[in-house]
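Enquirer: Sequence:
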Amino acid sequence: MSYESMITFALAIFIFGITPGPGVFALISNSLNNGMRTSIYLGVGMAVSDVVYLILAFYGLVSLAKNYAGVFDFISIVGGLYLIYLGYKIFTAPIDKNVENVKKSYRSYFGNFSKGFLISASNPKVIIFYIAFLPTFVDLTALSSNDMIIISVITFCALMCGLILISYSAHRARQLLTKESSVKKLNATAGSIMGLAGFYLLAK
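Numbering (this note's numbering), first residue to last: 4 to 207.
Rather than coming from a laboratory, the hints here were simulated on the basis of the structure.
For each label pair, taking beta carbons as the anchor points, the in silico distance ranges come out as: (1) V81 to S195: 18 to 26 Å; (2) Y171 to A206: 23 to 31 Å; (3) I10 to L205: 34 to 42 Å; (4) F202 to N149: 41 to 49 Å; (5) V156 to F132: 14 to 22 Å; (6) L84 to T11: 33 to 41 Å; (7) I10 to S147: 18 to 26 Å; (8) I80 to E7: 38 to 46 Å; (9) I18 to V81: 26 to 34 Å; (10) E7 to A191: 43 to 51 Å; (11) F132 to S172: 18 to 26 Å.
By construction, the Cβ of each residue, glycine as well, lies at the ideal position given by its N, Cα and C atoms.
Construct the entire structure; sequences and hints are all you get.
Expert: Here is the structure:
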């Protein structure tokens, strides 16, 4: 894989990472409601899940999505319902309770990582994207272990760059809203975005 191919591949993954979808919607919602720090762990979970799908694509497990479609459907349903539940909790959270959530439950970095991993894992179409996308840059039949490691690292870093950019932008918007009425609208917006991401996941 040439340096030119690596740069092009990284840019393509970056664009893929910031493309609107359940993961991006959940990240925006989390950043608006809880700030950037916890959202980084959400993004890491999403990126790790994508790398897992990438590795599955490396080994040509296209049949995984076909033979275990029922399992993937179940994961998608669970993920969608979970996002709707989170959206409801954010939407209905009182202002003082919202502050406590930032200090306590939403400081659970592993919880945010797990949530991010589940969101991306709930979308089995990601593996189809990588299977269709990778041959443009590498010869999968001649792929070495070193190539796999390099591409996995590039994928993770490019995704994180995109997700951090989204999280930072949403976090900056959050900092501009300090009045109680603004915070209520912020919770309503963040909860609605999270809920819509869940419905989007269920409808796929």
